[in-house]
Amino acid sequence: MVRIESVQRGVRGIVRLAAEGGSLFRFREPYLEAALAEDSLEYGDTAAGEVPDRFEAGGMLPESALAAACEASQAEEKAVALLARAEQTRAGLERKLGAKKLPALAIRRALDFLESEGLLSDYRYAMAWSRQRMRRRAEGPTSLATALAFRGVARDAARQAVGDRCSGEAGREALESALRLTMHDTCGDIVEARRRLRSLGWKSGDIDDAIDSLMADNPG
1 MVRIESVQRG
11 VRGIVRLAAE
21 GGSLFRFREP
31 YLEAALAEDS
41 LEYGDTAAGE
51 VPDRFEAGGM
61 LPESALAAAC
71 EASQAEEKAV
81 ALLARAEQTR
91 AGLERKLGAK
101 KLPALAIRRA
111 LDFLESEGLL
121 SDYRYAMAWS
131 RQRMRRRAEG
141 PTSLATALAF
151 RGVARDAARQ
161 AVGDRCSGEA
171 GREALESALR
181 LTMHDTCGDI
191 VEARRRLRSL
201 GWKSGDIDDA
211 IDSLMADNPG
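Just so it is clear: in the sequence shown, position 111 is 111 by this note's numbering, and no numbers are missing.
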């Protein structure tokens with residue numbers, strides 16, 4: 001157990017705690033709550049998972065819970081730094097943070113928090129990545145779903161992104177773009193272009209409509 005000398009609470013649940021003997025701990029308070037809950041640790045008569053009312057100078061807390069809270073905060077900081085550069089998937093962050101030798105439990109707690117705050121989103125990553133992808137190459141529902149799965153996007157997020165990219169007005173525009181790219185790659189071979197679009201996951205009727213529209217716009 002660690003005896004608390006002082007506690008400073010900052011914005012967004014950040015706590016700075018000085019312990020007897022000079023040890024310093026900096027963490028987000030919910031991470032301490034999670035550590036107490038998952039490790040079934042108790043503080044006096046307080047039920048596991050609750051930060052005690054006497055969480056103040058003179059009180060005591062399990063050192064293991066404080067260490068776990070600090071590790072989760074460190075994982076969060078590193079994840080935020082990566083997110084500041086570009087959108088990330090949860091699986092990708094798990095891999096990158098794991099390579100930094102951070103504990104798996106700390107990573108999970110940090111990513112759970114970031115998802116709850118809307119800072120981490122597999123769906124947002126999928127939409128951003130697919131937008132760039134579809135600008136430069138022909139894609140369809142099947143090929144896009146396969147590519148997102150390969151990149152570690154969560155299944156539900158990938159399914160939603162594919163639906164948003166490949167249905168309705170957005171889908172019509174995506175198919176027309178894929179058709180133009182495919183016609184260029186096949187030197188105008190409509191039969192081969194249709195075959196490739198089918199392999200990407202587009203429906204035959206929609207492909208025919210897109211071809212008719214392209215031909216109407218380019219009668220020569």
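A few of these clues could be false.
As the list claims (entries may be wrong) - For lysine to aspartate or glutamate, the following DMTMM-like pairs were computed, each having C-alpha atoms within a straight-line distance of at most 25 Å:
| no. | residue 1 | residue 2 |
| --- | --- | --- |
| 1 | Lys96 | Glu71 |
| 2 | Lys96 | Glu115 |
| 3 | Lys100 | Glu29 |
| 4 | Lys101 | Glu38 |
What the hints contain is simulated information worked out from the structure, not anything from laboratory work.
The hints, checked one at a time:
1. A C-alpha spacing of about 15 Å is found between Lys96 and Glu71, which places the hinted pair at or below 25 Å, so the restraint holds.
2. A threshold of 25 Å between alpha carbons decides the hint, and for Lys96 with Glu115 the separation of about 17 Å falls inside it, so the pair holds.
3. Of the supplied pair hints, the one linking Lys100 and Glu29 holds, its CA atoms being roughly 23 Å apart against a limit of 25 Å.
4. For the suggested pair Lys101 and Glu38, the alpha carbons sit about 21 Å apart, so the restraint of at most 25 Å is met.
The structure agrees with every numbered hint stated previously.
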